[in-house]
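Visitor: The residues making up each chain are set out below.
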Amino acid sequence: MSSTYTLPVGPLHVALEEPMYFDVKVEGETVRAVELAAGHVHRGMEALAMNRNWFQNITLTERVCSLCSNSHPATYCMALENLAGIVVPERAQYLRVIADEVKRIASHLFNVGIMAHLVGFDSLFMHAMEIREIMQDVKEGVYGNRMNLGALTIGGCRYDIDEESKGFMLAQLNKLKPLVAELHNVYDTDPLIKTRTQGIGVLPLDKAIEYEVVGPVARASGVNYDVRRKAPYAVYPELNFEVQTDTAGDVHSRAMLRIREAVESVSLVEQCLEHMPEGPNQLAGFVQIPEGEAIARSEAPRGEVFYYVRSDGTDMPQRLKWRVPTYMNWEALQVMMAGCQVADIPLIVNSIDPCISCTER
Amino acid sequence: MLPFLKIMVKNLLAGPSTEAFPFAPAHTPARFRGKANHDKSKCILCGICRHVCAAGAIQMRVVEDGSGVEYVLWHNSCVFCGLCAHYCPTKALTMTDDWHMAHRGEDRFAVREDSFVRYGQCSTCGSRIQPRPAVIVEALGTKYPDRFLMCPSCKRESLAKRSVPAKPAMETSETSDE
Ligand code: SF4
Ligand code: SF4
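Going down the list, the protein sequences come from chains A and C. For what it's worth, this note's numbering labels the leading residue of the first sequence as 77, then goes sequentially. For what it's worth, this note's numbering labels the leading residue of the second sequence as 10, then goes sequentially.
Derived by calculation from the structure, the hints in this document are not laboratory data. Just so it is clear, CB atoms sit at the ideal spot from N, CA and C, and this is done for glycine as well. Among the hints, erroneous ones may be present.
Derived Cβ-Cβ restraints for the label pairs, each shown as a range [to be verified]:
#1 A:E286 / C:F118: 39 to 47 Å
#2 C:S86 / A:Y97: 30 to 38 Å
#3 A:M126 / C:M17: 48 to 56 Å
#4 A:A307 / C:T37: 19 to 27 Å
#5 C:A35 / A:G389: 16 to 24 Å
In isolation and in its complexed conformation, chain A is listed as follows (with noise of 0.2 Å):
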């Protein structure tokens, strides 16, 4: 007699509460294969974008995915621009990539929160949601909004950073540096962490390779691979940061790589509010779209986003398609979790920081 069941998990996933649906070979408490079907909430956004304009459309890439939410936007702004051949002022330039870090260290402070949760050590989680708190008062502050900053126009930005809201953000960023250091070493040293996260979930680099996983799950599996450095846009040229990596691949090693992530965003908004120069933050007037094709990519919390634009020359996209980095990374699971235990099941899951709203766009 066979002792391989099949266990069913989700559609509504318990740990994620997000629907995705889990077909779970095991044996005893063994994984020993794993089935994703993803498609119950698809929203048909590419369709939507194709019957609204080129203003409207900002608002809508926007509304992919509430974490990733200035990447979208960004990078279909810049396909937009590729296209038309317009050249967006440095200082929005330096705008776009403060709004870019910004998201990046709330929504890594996010996962890293949650991974705390999943765990069972919900005062940590709350701890770092506090952290985290600081960041969304940044958003709430300069931009008007908690998870969709509306930062973003063709050719530019619609916000600016003035000299007070320069020093409420340098401020909001000294509260944060001493506390990630904190919660860097409370995961780093906490043995209840330690013992449910490492070496569990590995991803070798051979497999990550092979199933081309992107962000922060490609980087914890030893691929030095940062868009932000390998196709270089906005300003980052000009920043210094340094691209983190590590070779364990673990549930562990991907929450402390986005701590580090986190860390190097700080330094980057810094650099950003130094070395800002003076100048408009947009271009005035409306934009004409021309006929023609073109893409842009940028490097999302997540990973690379990947955005395709088409036009006639009209006023709407003739097609406007994009790959999101959450896409990529899922089929890794099956690698990630054969062999595991089912508790782990939420924790190796949570470590790719999964995006469903994105996936199922």
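Here the structure of chain A is known, so what remains is to put chain C with the ligands in place on it, guided by the hints.
Guide: Below, chain C with the ligands without anything else, positioned relative to chain A:
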């Protein structure tokens, strides 16, 4: 648990960090993007706001007698992106910092910005044109305020009548020298 114990004690001593709202006012930053506000005295009915609104929250309907436009912004459809306020050329639309928008389900069609914007009149022939509010004319400065108040055909006429001497015909002597 040990490395965290110190932090936990510190957090316990610091007390709750949540907002005391509704028992005390909640802090709202000045730049907060809340409810949109439409100032009909500045609106020139250009329709840019409706054009850029992805949520379809803005409607503009000409009233029956043709005297003006009924402007409606549905707060229930609005997603607070602020794009309309950004592109509004006269800043008639602004995002306020008001986030108090709770209401009963039965009132959902009543939560809206409702204004009636009357059409303007051509200063010369009196025909119907887009509104030309005084604030906007002032803001334009002294460049061409009188022409701004005209309908397209009177504007053309006034431009044609301008007594600017025609440019002298091109001298051909230089080229013929070659
Ligand atoms: S804020 Fe955005 S959604 Fe709301 S009315 Fe303006 S453009 Fe439309
Ligand atoms: S509110 Fe502003 S953008 Fe909208 S029609 Fe009036 S002037 Fe134009």
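Visitor: Take the hints in turn and mark each one as holding or not.
Guide: A quick look at each hint next to the structure:
Range check, E286 (chain A) to F118 (chain C): Cβ separation about 55 Å, and the 39 to 47 Å hint is violated. The hint said 30 to 38 Å for the Cβ distance between S86 (chain C) and Y97 (chain A), and at roughly 32 Å that hint holds. For M126 (chain A) and M17 (chain C), the Cβ-Cβ distance of about 52 Å falls inside the hinted range of 48 to 56 Å, so the restraint holds. A hinted range of 19 to 27 Å for the beta carbons of A307 (chain A) and T37 (chain C) is inconsistent with their spacing of about 40 Å.
Checked against the hint of 16 to 24 Å, the pair A35 (chain C) and G389 (chain A) fails, with Cβ atoms roughly 48 Å apart.
In this structure, the hints that do not hold are numbers 1, 4, 5, in rising order.
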